[in-house]
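*Asks:* Residue strings, one per chain:
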Amino acid sequence: MSAADAIRAEATLPRSNGELVFEEPWQARAFSVAVAMTEAGRWEWDAFRDRLIAEIGAWERERDAAGAAPDDGTWSYYARWTAALEAALCEHGLIDPAELDAVQARIAHQQAHEHDDDHDHGALRDRGL
Amino acid sequence: MSDNDEVALRMRAIEALLIEKGILTSEVVDRVASTYEHDVGPLRGARVVARAWTDEAFRARLLEDGTAAMAELGVGGFVAEHVIVVENTPDTHNLVTCTLCSCYPWGVLGLPPAWYKSPEYRARAIREPRAVIRELGTELPAETRIRVWDSSAEVRYLVLPMRPAGTDGLAEEDLVGLVTRDSMIGTGLAAEPVA
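If you read the sequences in order, they're chains A and B. Here the working numbering is used: the first residue of the first sequence is 258, the next is one more, and so on. Here the working numbering is used: the first residue of the second sequence is 383, the next is one more, and so on.
Read the hints as simulated data drawn from the structure, not as lab findings. Note that beta-carbon positions come from the ideal geometry of N, C-alpha and C, so glycine has one too. A hint or two may mislead.
Claimed, not checked - A partial selection of chain A residues facing chain B, derived with a Cβ cut-off under 10 Å:
1. 278
2. 292
3. 307
4. 315
5. 317
6. 327
7. 351
All chains, please: the whole structure from these sequences, using the hints.
*Replies:* This is the structure:
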């Protein structure tokens with residue numbers, strides 16, 4: 258192995274810095290929807306960023322008012338992002354909270370049924386069927 | 383339901399509603415997600431840094447107009463329009479943060495690591511940069527001055543780390559592997575070559 262190959266093999270490559278880009282799939286969706294809306298010209302990136310700053314600021318003020326530590330375990334960057342996304346979509350008149358609530362209730366209902374199905378299949382498998 | 387499950391459900395509803403209303407398609411969202419999960423990452427920034435280490439004229443152009451110089455290497459894109467490159471020297475070390483949210487040169491480094499977005503990093507990077515850098519694993523000489531750059535929607539910063547000692551014989555493509563993501567944020571240094 259040449260010295261250069263050894264470096265390639267041993268050095269910490271930027272790609273393998275070890276952290277996942279997104280911790281959970283919903284975070285990737287939240288990120289990508291906001292970017293896609295910007296790319297589609299639905300809003301300027303700055304407008305979304307201002308909402309994000311407002312959401313993060315509100316969370317920090319609430320934390321400070323509660324006298325909690327800077328990272329008290331309740332921090333979720335993409336939760337703030339999602340709140341900013343919802344606010345920006347409502348502000349731009351693209352969705353309204355009531356119809357969003359309705360869709361959420363429908364999805365929650367569907368998810369509950371999916372879980373029922375899982376249990377049924379599991380029970381069948383347990384009986385060797 | 384946990385807070386995390388709740389926000390995951392909310393996000394699912396937001397996307398579903400946008401698709402139902404014909405505002406977005408899931409293909410468009412998939413494409414954005416795939417780009418940032420697989421195609422855009424700190425390797426882009428590492429190529430820029432390695433070129434600057436080996437090509438003096440490029441380095442000068444990069445410090446003069448980061449965005450234009452990076453475009454020569456095909457690096458740029460969404461929210462990387464105004465990137466200012468700040469150069470580390472033996473006297474001065476640069477550190478990048480975003481105190482208000484999480485602005486970051488996405489087009490060059492991909493998405494920021496979790497700690498970059500944390501309330502603690504954002505609050506402390508400006509107040510006590512030396513301690514933050516130490517906690518992230520690098521002890522800077524006491525005489526090195528630290529400059530902290532606060533990103534904004536308009537301006538993103540990329541640190542040009544110092545080329546490590548003992549790399550004179552290395553070609554550009556071999557230097558790329560020494561350029562860590564953290565060295566381009568300023569919370570670390572470029573890696574030393576393996577002896």
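*Asks:* The structure should be examined with respect to each hint, and the outcome stated for every one.
*Replies:* Hints, one by one, checked against the model:
1. Annotation: interface hint on residue 278 (chain A) holds; nearest CB of chain B at approximately 5 Å, less than 10 Å.
2. Checking residue 292 (chain A) against chain B: minimum C-beta separation of about 5 Å stays under 10 Å; hint holds.
3. Hint status for residue 307 (chain A) relative to chain B: holds, with the closest Cβ pair at about 8 Å, below 10 Å.
4. For residue 315 (chain A), the shortest C-beta to C-beta distance to chain B is roughly 12 Å, which exceeds 10 Å, and the interface hint is violated.
5. Contact between residue 317 (chain A) and chain B, as hinted, is supported at the beta carbon level, the nearest pair being about 6 Å apart and thus within 10 Å.
6. Restraint check, residue 327 (chain A) versus chain B: the minimum CB separation of about 4 Å is within 10 Å; hint holds.
7. Because the beta carbon of residue 351 (chain A) sits about 6 Å from the nearest beta carbon in chain B, less than 10 Å, this interface hint is met.
Consistency note: the structure conflicts with earlier hint 4 alone.
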